Every structure is written in C-alpha cells, then in structure tokens.
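Chains W and A supply the protein sequences, listed in that same order.
The first sequence begins at 303 in our numbering and counts up by one.
The second sequence begins at 303 in our numbering and counts up by one.
If you're looking for bench data, these hints aren't it; they were derived computationally from the structure.
Errors might be hidden in some of the hints.
One copy or any two copies: either way a pair holds, since identical chains are not told apart in the list.
As the list claims (entries may be wrong) - Using 25 Å as the maximum straight-line C-alpha spacing, the simulated PhoX-like pairs for lysine-lysine come out as follows: (1) 556 <-> 309; (2) 585 <-> 395; (3) 589 <-> 502; (4) 380 <-> 309.
Quick caveat, the model's predicted, so the values are computed rather than measured.
There are 2 protein chains.
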Amino acid sequence: MSKIPYKLYLTEEEAPKAWLNIRAFMKNKPAPIINPGTHAPCTAEELSHVFCDEAVKQELNETDKYIEIPEGIRDFYKMFRPSPLVRAYNLEKLLDTPAEIYYKFEGNNTSGSHKLNSAAAQVYYAKEQGITTVTTETGAGQWGTALSMAGAFYGVKVKVYMVKGSAMQKPYRKNVMETYGASVTPSPSDTTNVGRAILKEMPDTTGSLGCAISEAVEEAVSTPNTRYLLGSVLNHVLLHQSVIGLECKTALDKYGVTPDVVIGCAGGGSNLGGLMAPFMADKLEGKSNTEFIAVEPASCPSFTRGRFAYDFGDTGKMTPLIKMYTLGSGFIPSPNHAGGLRYHGMNSVLSQLYHDGYLKAKSYEQTNVFEAAVMFARCEGTLPAPESSHAIRAAVDEALKCKETGEHKKILFGLTGTGYFDLAAYDSFNKGTMTDYIPTDADLQKGFDSLPKVD
Amino acid sequence: MSKIPYKLYLTEEEAPKAWLNIRAFMKNKPAPIINPGTHAPCTAEELSHVFCDEAVKQELNETDKYIEIPEGIRDFYKMFRPSPLVRAYNLEKLLDTPAEIYYKFEGNNTSGSHKLNSAAAQVYYAKEQGITTVTTETGAGQWGTALSMAGAFYGVKVKVYMVKGSAMQKPYRKNVMETYGASVTPSPSDTTNVGRAILKEMPDTTGSLGCAISEAVEEAVSTPNTRYLLGSVLNHVLLHQSVIGLECKTALDKYGVTPDVVIGCAGGGSNLGGLMAPFMADKLEGKSNTEFIAVEPASCPSFTRGRFAYDFGDTGKMTPLIKMYTLGSGFIPSPNHAGGLRYHGMNSVLSQLYHDGYLKAKSYEQTNVFEAAVMFARCEGTLPAPESSHAIRAAVDEALKCKETGEHKKILFGLTGTGYFDLAAYDSFNKGTMTDYIPTDADLQKGFDSLPKVD
Numbered sequence: 303m304s305k306i307p308y309k310l311y312l313t314e315e316e317a318p319k320a321w322l323n324i325r326a327f328m329k330n331k332p333a334p335i336i337n338p339g340t341h342a343p344c345t346a347e348e349l350s351h352v353f354c355d356e357a358v359k360q361e362l363n364e365t366d367k368y369i370e371i372p373e374g375i376r377d378f379y380k381m382f383r384p385s386p387l388v389r390a391y392n393l394e395k396l397l398d399t400p401a402e403i404y405y406k407f408e409g410n411n412t413s414g415s416h417k418l419n420s421a422a423a424q425v426y427y428a429k430e431q432g433i434t435t436v437t438t439e440t441g442a443g444q445w446g447t448a449l450s451m452a453g454a455f456y457g458v459k460v461k462v463y464m465v466k467g468s469a470m471q472k473p474y475r476k477n478v479m480e481t482y483g484a485s486v487t488p489s490p491s492d493t494t495n496v497g498r499a500i501l502k503e504m505p506d507t508t509g510s511l512g513c514a515i516s517e518a519v520e521e522a523v524s525t526p527n528t529r530y531l532l533g534s535v536l537n538h539v540l541l542h543q544s545v546i547g548l549e550c551k552t553a554l555d556k557y558g559v560t561p562d563v564v565i566g567c568a569g570g571g572s573n574l575g576g577l578m579a580p581f582m583a584d585k586l587e588g589k590s591n592t593e594f595i596a597v598e599p600a601s602c603p604s605f606t607r608g609r610f611a612y613d614f615g616d617t618g619k620m621t622p623l624i625k626m627y628t629l630g631s632g633f634i635p636s637p638n639h640a641g642g643l644r645y646h647g648m649n650s651v652l653s654q655l656y657h658d659g660y661l662k663a664k665s666y667e668q669t670n671v672f673e674a675a676v677m678f679a680r681c682e683g684t685l686p687a688p689e690s691s692h693a694i695r696a697a698v699d700e701a702l703k704c705k706e707t708g709e710h711k712k713i714l715f716g717l718t719g720t721g722y723f724d725l726a727a728y729d730s731f732n733k734g735t736m737t738d739y740i741p742t743d744a745d746l747q748k749g750f751d752s753l754p755k756v757d
Numbered sequence: 303m304s305k306i307p308y309k310l311y312l313t314e315e316e317a318p319k320a321w322l323n324i325r326a327f328m329k330n331k332p333a334p335i336i337n338p339g340t341h342a343p344c345t346a347e348e349l350s351h352v353f354c355d356e357a358v359k360q361e362l363n364e365t366d367k368y369i370e371i372p373e374g375i376r377d378f379y380k381m382f383r384p385s386p387l388v389r390a391y392n393l394e395k396l397l398d399t400p401a402e403i404y405y406k407f408e409g410n411n412t413s414g415s416h417k418l419n420s421a422a423a424q425v426y427y428a429k430e431q432g433i434t435t436v437t438t439e440t441g442a443g444q445w446g447t448a449l450s451m452a453g454a455f456y457g458v459k460v461k462v463y464m465v466k467g468s469a470m471q472k473p474y475r476k477n478v479m480e481t482y483g484a485s486v487t488p489s490p491s492d493t494t495n496v497g498r499a500i501l502k503e504m505p506d507t508t509g510s511l512g513c514a515i516s517e518a519v520e521e522a523v524s525t526p527n528t529r530y531l532l533g534s535v536l537n538h539v540l541l542h543q544s545v546i547g548l549e550c551k552t553a554l555d556k557y558g559v560t561p562d563v564v565i566g567c568a569g570g571g572s573n574l575g576g577l578m579a580p581f582m583a584d585k586l587e588g589k590s591n592t593e594f595i596a597v598e599p600a601s602c603p604s605f606t607r608g609r610f611a612y613d614f615g616d617t618g619k620m621t622p623l624i625k626m627y628t629l630g631s632g633f634i635p636s637p638n639h640a641g642g643l644r645y646h647g648m649n650s651v652l653s654q655l656y657h658d659g660y661l662k663a664k665s666y667e668q669t670n671v672f673e674a675a676v677m678f679a680r681c682e683g684t685l686p687a688p689e690s691s692h693a694i695r696a697a698v699d700e701a702l703k704c705k706e707t708g709e710h711k712k713i714l715f716g717l718t719g720t721g722y723f724d725l726a727a728y729d730s731f732n733k734g735t736m737t738d739y740i741p742t743d744a745d746l747q748k749g750f751d752s753l754p755k756v757d
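Based on the sequences and whatever the hints tell you, model everything.
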C-alpha cells in the first residue's frame, strides 16, 4: 500500500459509468409520493406534467441498483469530474488528532458546488425530450448557476426564480447566471399567481426555497414545452449525486480505506445522499458498520426538530406530497448565511433511513460553523461555503473526540462548495457582528400547523 | 498513444521537484538591475534590505538551469497542484478548427490564480529567514489573496496595499484576505510618505500597481523584521512560476504533443514567463520552433507601444532600475477590468526575449476580450478572469486562423484564473455598457517623460 497522497484523483477511465440507486438496497422503501387531493400514489403520467420523462422514470425506480450514465452526460462530467478527494493532512495536524480526515471537494467548477452533477443530467434529459425551456428555483445560487451552465452547454433556455434574500445578499450570482445566458427573477415575484398571492400576504418577505419552487412549477406547468427541474430533495437528484460517493469509494478502495464516519451537510439532502450512497449500500447489505451524520443549521432543523410526515415540497402547496422529516411547508427560516440549507423538508430516502436508525443528525449554530470554516480555510487553503462548513464543523468535532479517546477513526466529509460568493457573511463573522437564531417551539408550531392532514 | 483525456492531471510523484531558470538558457542575458543613483549593478546586500535573502539570491542567479523546490514549499503546492491541463475539446468543436487547443488552468485555488505558486515560495523563505511580517501590493486582488493564504499557512503576518480602484470594484477580495488574517489598506493611503505625496498631487487617483508597490516597499524598509514581496515582474517570481510550464511539458510529453504556439496574458510577465519556461528553454537550445505570444490590454501596451529602457518598478521611484519594455513609471493606465495587467513595465527576461525576437506580442481591447471570455465560459464551463481572457482571445484567433489555412497547430495557453470577483465587469459587458480605452500618443509621451536618464 503506497502512502496516501494529498489529493486522490481518478482518471477519466476510472470515473463511474452508472449511478447508484440507494432505494434498491433498502428493505423499508421510502413512502410513495402521493397526490394531495386523492392521497393515491402519483403516477408517472401525473408527474410528467411538471418534470421531464426520464427524471420521472428515475424518481419512481425503486428496483434497479445501478442506472447507466449516458455518454452525453459523462462528456459534460469530464469538464469538472472526477473531483478531488483530499486527505486533510493539514487539518489533522492542526487538530493533533489520531483520526484520518478525508473530504470530497465538489467546488472546483464555476457553479461552485456539487449541484452541477444533477444539472448536467436533468438538462441533458430535457434536451433529449425536445424541451426548449426549463424553470427552477435557487437559494444560495449554486443550483441556478449550475443549471445555467448546463443550459448553455446543451442549448436549453433556463429561467431561474432566486430567493429574494439571497438575490439581495449575492447580486453577483445573478450576473454569473446571466453570463451563461439564463434569466433570473427574484422570488416572490409578481410574474406568477402564487408569487403575487405570497407578496399580498407578506409584502416584506425575503422569500424561501419553498416560495421559489412554487413559482417555477407554476411557470413550467402553464407554459408549452417547458419543464421544472429541482436541485435537491427528490430521489432522481439523489441518484445523480451518487457520482460523488462512487468516486470516493473507488479512490479509497485503492488505498484499502473504509470510512468509519461519513458526514454531510443537509438542506434538501442531495449532497449527503450522493456522498454516502455506496457506503450506505454496503451498510444496508451488512458489509460495513459505517456511521452516517447529517448536519443541519440550528435555524432550520428539519431532522433534529422536525416531524416525519407527508408534506408539500413548496410553500405554495402546488407539489405532490412527500413523506419526509419536515418543519412544515409554512415554516420560513430566518435569513441565515447558509442559503442552501434553508429548506423546510428533507429527501424521503434520507428521512426513511433516519427514521430507521441508519442515519444520525445534528445541528449547529452559524457562528460555531464559521469558526470551523475560517480554521479550515487557513490550514487547508480552500475557502468553504457556509453550507459545507456545517460538515466541516461536525468532522472537526468528530476528530477532536478521537483525540480524547485515541481512536484512529477514518472520517469522510463532503466539501460541497466554495464560499466565494459568501464574503459578506465572512465579513460579518470577522467583525463579530454575526448572530445566531434558533426557532422557538412556538415558531416551529406555526410550521407544523401548515402540515396537510394525511391518514 | 492513448486518446488525450479532457483533463491531463499529473500525480504527486510526477510534480516538478525543481524550478526552471530560463536565464541560464539565454545567450543574451537580461541587463542587470542597477542602482538608480550610481547606475552600478545592484548587489545582493543592497537588495536584501527590501527582499528576503533567498529571493535575492534567486533574483541574481543567471547560471543554474534548475533550482530545487524545498519540501516545505512542495507540501504547500500539494494543496492545489498539479493543476489541470485541459484539452479544450468543446472550444475546438465550437470554433470548428483543425487546431488542438490546450489550456493550463491555474484558477482552482482560493486565490483564484497562479499567484499562489510564488506566494508559497516567498513566504516560506521569509519564514525560514525569521521574518515576521511581509508587505505587498495587489491590483486585481489575486496576489494579495495568495499571499494571505501563504501567510496563514506558514504563520507570517501579511500587510497588503490594494490599488484603490480595485478595492472599490471588488470589496469582497478584501474580505477574503482578512479571513486569512491579512490587513488590507487601499492605496494610495495616508499611512506612508509616498502615499501622502501621491495623494497630495492627485487626490482623486484610483491608484496603480506602481503606487501600491512604493507604499509596500516603504513600509518594508522602514519596519524591523519586515520584507517586501512582489507578485510579478522580478526574475525570482518568474522562476517560481516555471512550475506551470514544467507540469504542462510533463503532461504533454506523455502524449507526444509539442505546442506550436504558447500564449499567455502579460501584465508584469510572470504567468507567461512561467508557462513558457521549458518550451522556451527548448527553443533557445534549438530543439524546437515553438512560437510565443504575449497578450496585453490595448489600454496598457508595455510591449506593443512601450520603450526598451531602464525604468523604476514603481510610481514613487523607490525601486532599483530594471531594463524592460515600459510605458514609464509615471504612466497611469485607465481603470479597465483587467486589474492584474495594469502595470507600466514588463519582466526583464521577457523584455530581452521580445527584443531578440524569441517572443511576439499583441494587444486587444477589453470588449473584444470579454466576447471571447463569455464564449469560453459557455462552452468550457469555467468563468475566466478578465486577465486570462486576453490569452483566450488570442488563442481563439489563432485557432480561427488555422481554420482558414487548414493547419493542425497545437495551441497552448494559460488560463491564469477565474472571474468570480469580476462579475461587475461581466455585468457591464452583458448590458453593453463596457467601453474601450486606447491611450493616445500624447498619453504615452507623458509616461515616457517620466523615464530616468541612463546611458
């Protein structure tokens, strides 16, 4: 066994040729998506008014363990994948821990995050189906940027509804998307019925992912040859993100390393779901005893304080119902600096796994998270996104625990992206003006009150 | 010979262990740096008041073809190197050219550019010498960020004078440097004699690299245990940047590819000097016939409209004199969007090679450059820095020429960095409000009038 290098790259030939479908490995499958009116499981036909046909097929596929990645998508992946898996030697040294720390860095592309993995796939399928325009929402801006890049590459028009709070915090994100030819509308906007209704009720709202989803869905279903693409939460997104974990596994296997702990930040769940996919598959098959930790912001604690219930994916209550850990689609989180984690719900696969004890969760306040972010930036070089820094915080704490116990754990975490568009947040942390926000039980109750009644 | 992959990565083991010193290959050596008072060549002792001892030694070394990279620097390099060499298949397809286009991408690190290569080396040597604080200037911000990162890594304090125009255009750059623990002062400032003098004469100036250098040098020479580090122009910087070209050569050699044309943007010259180093060495030894092109902004045309003369490196006339292509240290370029290229002079090695016909040069206006930048972003994914986009423009034009002539030229260019902090510039291009600026002969004459008299 040779010494493990700082960066464990794979060659083009070693890159995954199929995604891993984690549902096919689960005994307890996630509950089906249901129609909010009839409460019957949604059919492919129903879903295909909103989503592309291939996305729907993948969304409903619970049986195929592996699904081939078409060459047209692998060609796009070659531009930014395989992404580096890094052994965090410098962080280990700084923490003086016996643990080995690894992170998969998904930020080395202009979208600045892992979102491009699913954007490439979804726009490719849209193009194949003859769709000319796709609509979407974006929070922190990474998903919107990723989709704009994919749209420019495959030649499909992209219309982005961007959460107003993020659009104000990060005007340059809008400029990037426009440079790739997309059109960007701050949400809630007056261009849709649902947007106008939300604005009427809460004229000063800074918006939420839930609102923006509603607007993008409305435009997709009411415009010919247009479909809606979602950047997280759904199972086909999780499927596409499995490329992250598959690359990790191939790289780690070369050095005989099996992670003891896999850690990812969790907003809608796609990054963590992708990172852990092959390792969770091994665990579900009884081949390993790896521990999995979802990390979320204390201001939006879907797992740690949410309910396991059927809920809408959006604030406007336009989507089908998904069984998930949720704070209620009516919950509007405080405008913290991890825009990508401000989502009320959680992917249904992760929710089921959490419910069944395969996955743990913890939450952190943002000042604590930024402390870890700055420490990481200074010793490992890369300035991390606030979202990713939740995973850094948890990985650091795990490594410090090993220092106490003397355990040589192997810790793998997902560094989903860079913080180049989050400098206002870093500035407020550096100046000591950053504050924390934890919702009260009463705040949460308001969200729970918005949950639909399903037997 | 296997098919050339999209990205030609090297392993850690294949990474260069020595830099290439291009002067050792030149018959006509660059003229020596001279003392502005006596006009005698500067001694190591004189220079060491300003620069670190090892930097001075390297600056004056004209004989060693290779200089070993210390392990402490190679450890830092492992965090972001080897950088990808990319075959621009998508760009080739879009242009429908028979040419092969390769680019070396140096932007995959938080400084966003190649500057980290020399920052790592210089701060390492400062630390070894027991220096506690280093000062520097920064234009576009990449060099300042790189130095801040190296300062955080090695534990050396960093004080950055940032060109005021850039500081206003890019407030977030300041936040990044501060996150890495550096202090940042917009230049000209009232904290130095030279800054106060410049402000008195031109209270509304947006500053220049030349001004900022003067301030940083003044602070270094007047403060104990402090040295000044420069991000370009000097020969030891060029030396450190040779790691770029050496990686390219190792990667291309594997596939039997020798570039016919090597293209780099040129401000102070370090990126181009580093990229072309091993290829120019081959040419100087008669082993190849590669063509080399320096690309500069029409607004700051040191090569294409400058004079080959001894000049100061800074506006405040505090530095030794360097024989170079220059517009005169009194020339203040218009505030265009390629801050890193707004420098009046050019490295002396490149100047000598240009003078001797080994290197060509051309200049472009910025709207033309941004056109190429957007085209590149949309097909190759990465949003390029305005500086790097000068090289893209020239490479595209070269490839289009091949389309006319049917030549299968192999074109290599340097993609020095990303444009994530240049979105205001992209926004003005997207909106059609970007303007061009070409200095008149009278503008240039003002700069030439500032040249010192040297026989």
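Now the hints, each set against the structure:
1. 556 <-> 309: both (13 Å within a copy, 21 Å between copies)
2. 585 <-> 395: Answer is neither: 30 Å inside a copy and 44 Å across each miss the 25 Å cutoff.
3. 589 <-> 502: neither (54 Å within a copy, 74 Å between copies)
4. 380 <-> 309: both (18 Å within a copy, 8 Å between copies)
In summary, the structure is inconsistent with hints 2, 3 from the numbered list given earlier, while agreeing with the others.
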